[in-house]
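> The primary structure of each chain is shown beneath.
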Amino acid sequence: MTTTSKIYDSAKTPWLALDEIQGLIRYKDLIFQLIRRNIVTRYKRSTLGILWTMLNPLGTMIILSIVFSRVFEIRGVYPAFIITNIVAWNYFQQTTQFSLTATLWGGDLFNRIYMPRTSFVIAMNGAGLVNLLFALVPLALIFLITHISIDLPILLFPLAIILLAIFTLGFSLLLSTLVIFFPDVAELYPVVLQGWFYISPIIFPETVLEDLLGGWILKLNPLYHILKVFQMTLYDGLFPSISQWMSAVFVSLFVFILGWLVITNSSRSFHYYN
Amino acid sequence: MAEPNQNTSIYLKGISVSYRIPSERVRSFKEYIIKRIQGKISLHRILALKDLDLSINKGEIFGILGRNGAGKSTLLKVIARVIYPTRGRVWINGIVSPMLELHAGFHPELTGIENIYLNGTLLGHTKKEISEKLDEILEFAEIGEYIHAPIRTYSSGMVARLGFSIATAWTPDILLLDEVLSVGDVAFQKKCEQKMKSFIHGESTTILVTHSPKLMELLCTRAIILDHGEIVESGTSSEISKIYQKRMST
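From first to last, the protein sequence lines are chains F and L. Residue numbering for the first sequence follows the numbering used here, beginning at 953 and increasing consecutively. Residue numbering for the second sequence follows the numbering used here, beginning at -11 and increasing consecutively.
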C-alpha cells in the first residue's frame, strides 16, 4: 500500500487554492521528475546538449552588442549590460512560453489520471530556473572579460532571482489557464512578447527608454520593476532603494497570488474545455 | 442513501455531468465578444450523467454495463477525479488506479528506468516507493538490458509491457478496469490476467466497465446498467446480466 488511506470528499473542500498546495506536497516527487525530464529531454538530441543553455544567451549578447553598442552611449560596458538583461528575459520568455502549452500538453494525461493541475507549469518554471543558473556561467565570463567589478549588492542578487521566479510563475499560471479557455492566446502571446521585449529595459538603457516611451509607460510595465532590481544588484553594483524593492515585491507577489487563485479556482472546469 | 461509513469505498450522491455542445464552443476572444454582444453564449448542454447515486463497499467487485455513450467512461472519470462533476458529491476512500494505457506519460527520449520513475510519480507514488518496487517492475516487464535504452527504441509490445508493469506494481485501493486489457503476446496476457485476478480477489475495490454481461457475471458481485446517463437497473450480477441480455435482444 502506498500511503495511509486518504478520503477525498468533494463536499469538504471549499478552499481550492489550499487544496492544490496539499496536492503538490503529496506529488512533490512528480514535480522533481518532471523538472528532470524537461531539462534532460530538451537537449537530448543535440551534440552540445546542456551547453546550449550557456551558448544561447552568449550568442544573443554578441549579436545585440554588435548591432547596438555604437547606437547607445552607456556607462559601463554594453555586452555585460546586455547579457545581464538577456539572461533574465530569456528565463521569463522561455518559461512563460513553454508553460503556455504545458497544461495543454498535459491535457491527455489530465484526462486519464488525477494530479495537481499546476504540476506541469511548476515543473516548467523549475526547469527554467535551472537553465537560468547555468546561464550565469557565460554571464560571469563576460563580466570577467569586460572587467565589470562585482560589489557588495551582489549579496542581494539571489533575492532578485527569487522575485523574478515568483513573477514568472504567477504569469505562467495565468497564461496556462487563459489558453485553456481561449486557445488563440497561444498564437497571440509570441507577438505580445515581442512588444514587451522592446518596452522593457533590456537592450535600451533606461534613460533611452524613458525618452522613447515616457516614464509612466516604463513603470506601468510590471517586468520593469523586477528587471530593475536584477540589473542593479548584478550589473550596476548598487543597492536598490526600499521603494524599488517594494515595487518588485508587490508586483511579483500580486501576479503570483492572482495566477494561483485563477488556476486553482477554474481547474475544475478545465475538463469541459479540453 | 445513507452517509458513507468505514466500509464504504466509493460514494456518489446526485452526480450530474453536463457538457457543452461542441459547436457552441467559443474559441477566441473575438468570437467570445461577438457572441456575448449577440447574447449567444452557449446554454446548450448535454447531460452525460443525470443525478446519479451510487455507493460501493470496500472489496466489492462492481460491474457497470451499458451501450456506447451511456456515460460509463464519464462515470469512471468522475471516480478517478479527472472530471469534477457539474453537480453532486464525490466521496472516495483510497487511491484510485485507472488501469488505462499510460503511454501518454512516457517520454520517448528517456530510458526505461527513467520512465519508470516518471510514470510512477505520475501515478502518485514517491521516488522511494518506486525504488522499492523497481526490481519487481523490471522482472515483470521482461525488458532485459534494453531498460537502459531510450524507449523510442522499444517495440510497441515492450512499451505496453512496461506501462502495465508500472501500473500494477502496487495493489490499488480502487481499481478501475475499462473493458478487457490486451497487452503484449499471449504469454504476457496470461501473466496480466493472473495479476488482475489477484487484485480482484484481494482487498481492492474493483470497478469493471464492459459491454459483456457474461464477463461481468463471471467476475462481479453487484452491477448496474447505465443508459443515457442514468442508472436504469441495479442488483446482483446474475440478475443484471439477465436483464441486460433481455434489453439488448429487444
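No wet-lab data here; the hints were simulated from the structure. Treat the hints with caution; some may be incorrect.
[Unchecked claim] DSS-like mimics (lysine-lysine), calculated; alpha carbons at most 27 Å apart, straight line:
id: 1; chain 1: L; residue 1: LYS202; chain 2: L; residue 2: LYS179
id: 2; chain 1: L; residue 1: LYS183; chain 2: L; residue 2: LYS234
id: 3; chain 1: F; residue 1: LYS958; chain 2: L; residue 2: LYS230
id: 4; chain 1: F; residue 1: LYS958; chain 2: L; residue 2: LYS234
id: 5; chain 1: F; residue 1: LYS958; chain 2: L; residue 2: LYS121
id: 6; chain 1: L; residue 1: LYS115; chain 2: L; residue 2: LYS179
id: 7; chain 1: L; residue 1: LYS179; chain 2: F; residue 2: LYS996
id: 8; chain 1: L; residue 1: LYS18; chain 2: L; residue 2: LYS1
id: 9; chain 1: L; residue 1: LYS121; chain 2: L; residue 2: LYS183
id: 10; chain 1: L; residue 1: LYS202; chain 2: F; residue 2: LYS996
id: 11; chain 1: L; residue 1: LYS18; chain 2: L; residue 2: LYS46
id: 12; chain 1: F; residue 1: LYS980; chain 2: L; residue 2: LYS179
id: 13; chain 1: F; residue 1: LYS958; chain 2: L; residue 2: LYS178
id: 14; chain 1: L; residue 1: LYS115; chain 2: L; residue 2: LYS38
id: 15; chain 1: F; residue 1: LYS964; chain 2: L; residue 2: LYS178
id: 16; chain 1: L; residue 1: LYS234; chain 2: L; residue 2: LYS46
id: 17; chain 1: L; residue 1: LYS38; chain 2: L; residue 2: LYS178
id: 18; chain 1: L; residue 1: LYS234; chain 2: L; residue 2: LYS179
id: 19; chain 1: F; residue 1: LYS980; chain 2: L; residue 2: LYS178
id: 20; chain 1: F; residue 1: LYS964; chain 2: L; residue 2: LYS230
id: 21; chain 1: L; residue 1: LYS178; chain 2: L; residue 2: LYS234
id: 22; chain 1: L; residue 1: LYS179; chain 2: L; residue 2: LYS18
id: 23; chain 1: L; residue 1: LYS38; chain 2: F; residue 2: LYS980
id: 24; chain 1: F; residue 1: LYS964; chain 2: L; residue 2: LYS185
id: 25; chain 1: L; residue 1: LYS202; chain 2: F; residue 2: LYS980
id: 26; chain 1: L; residue 1: LYS230; chain 2: L; residue 2: LYS38
id: 27; chain 1: L; residue 1: LYS185; chain 2: L; residue 2: LYS121
id: 28; chain 1: L; residue 1: LYS202; chain 2: F; residue 2: LYS958
id: 29; chain 1: L; residue 1: LYS121; chain 2: L; residue 2: LYS202
[Stated by the list, open to error] For each label pair, taking beta carbons as the anchor points, the in silico distance ranges come out as:
id: 30; chain 1: F; residue 1: ASN1063; chain 2: L; residue 2: LYS18; range: 24 to 32 Å
id: 31; chain 1: F; residue 1: ILE1002; chain 2: L; residue 2: SER144; range: 26 to 34 Å
id: 32; chain 1: F; residue 1: LEU1210; chain 2: L; residue 2: SER6; range: 50 to 58 Å
[To be verified] With the Cβ distance kept under 10 Å, some of the chain L side facing chain F (calculated, not the full set):
id: 33; residue: TYR7
id: 34; residue: LYS65
id: 35; residue: VAL70
id: 36; residue: GLY93
id: 37; residue: THR114
Everything numeric in this text was worked out from a predicted model, so none of it was measured. Using N, Cα and C, we set each Cβ at its ideal position, and we do this for glycine too.
> Quick one: which hint numbers does this structure break? Sort them smallest to largest.
The structure breaks hints 2, 3, 4, 7, 8, 10, 11, 12, 13, 14, 15, 16, 17, 18, 19, 20, 21, 22, 23, 24, 25, 28, 29, 32; every other hint is satisfied.
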